[in-house]
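**Q** Just so you know, the sequence shown maps onto residues 348 to 711 in my numbering.
Take these hints with a grain of salt, some might be off.
Pairs of lysine to any residue, SDA-like flavour, derived with a Cα cap of 25 Å [what the hints assert, rightly or not]:
#1 Lys479 with Pro446
#2 Lys642 with Ala708
#3 Lys413 with Ala402
#4 Lys481 with Ala368
Read the hints as simulated data drawn from the structure, not as lab findings. Note that the coordinates shown come from a computational prediction; the quantities given were computed from them, not determined experimentally.
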Amino acid sequence: MSNPEKPDPAAVPVVSRPAVALAWHDVTQWGVEGRAWLDQPRLRWFDRLPAAAQAETSRLLDFYGKFSVWDLSRCSAGMMARFRSDATALHVRYRLTSPELALPHMPATGVSGVDLYARDATGTWRYVQGNKPKAQDFEGEIIAGLAPGEREYALYLPLYNGLERLEIGVPRDARFAGLAPRARPVAFYGTSITQGGVASRPGICHTAILGRRLDRPVLNLGFSGTGRMDPVIGRYLTQVDAALFVIECCGNMQPAQIRERCVPLVRQLRAARPDTPIVLVEDRGFPNAWIETAKADYNRANHAALREAYAALQRERLPRIHYIAGAELYGTDSEGSTDNAHANDLGFLRMADVMEPVLRAALA
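Please build the complete structure, drawing on both the sequences and the hints.
**A** Dropping the structure here:
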């Protein structure tokens, strides 16, 4: 047991700093990446889908009939604000749409937090710091004592909560410029794992990791428990000028449903976007399938169904269709998941490692 009178040498020192006058910058003034259909009205600015999608996507319910695609589209998953600044301290203030900050298997830092990255001297994205939300409203310093110099930053938004507003604060004497969203995102359509379940922070889910590695914007259309290759979502995807479509829905689908829906979804995308590459991703292998036979059986049948669909697409000679096997997405040591379903941070890193070469080849 530690001695309460003895200082903890591992503790982070707390430095008292005088209050500094801040200039606040509303990210809606220059835009965020991961927000498509900009010409269509939204009910809330940070919604992932436009208002026109509400009627159809409200009928697409999760396994328990509790949440719909529409409900989940109001989370800000995948959105990211870029800016340049020479500030030595950075602040944020925002209001969340829900007071439920965490999930039983996912911390508040991932559900409701923001996550800051910056480019280093070589241009590589590096983690800087996140925040620790404790209430629906957050205002505070993310980090201070930054090395002098102007650099590019990226602020990832909450994965399983929505935003009413978001501002970035810097000292008033600091330079600051919002950076417009880049065009032609890598568009992911999938499940809770795509949405970011259950990453410890927004920047560590595989979609964010891949966006940094490929240095491209990302559109995250992951909907927890409701990613089922729906033609409704397919129709909205066809409206996106994407560099690449990544379809990773199988974890929310049964084999028969994959056989029924995969080929029509690919045809739908290919008819509207004849040159955009499409990547089909098998469901991850359940980490405990080595001992739980029902999960092993499901994995085999589920993977086989997607392979059949891929083979059918090859027979049709549809161009630029790529494939990623799922058995080793989390690795092979059973350590890549929090709950034997969703990825932990290690699992997301391993997913990115497996997917990156295929996505690079598809983009090339």
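**Q** Next step is simple, just say for each hint if it's right about the structure.
**A** Verification of the supplied hints:
| no. | hint | in the structure |
| --- | --- | --- |
| 1 | Lys479 with Pro446 | holds (14 Å) |
| 2 | Lys642 with Ala708 | violated (31 Å) |
| 3 | Lys413 with Ala402 | holds (16 Å) |
| 4 | Lys481 with Ala368 | holds (24 Å) |
Consistency with the previously given hints fails for number 2 only.
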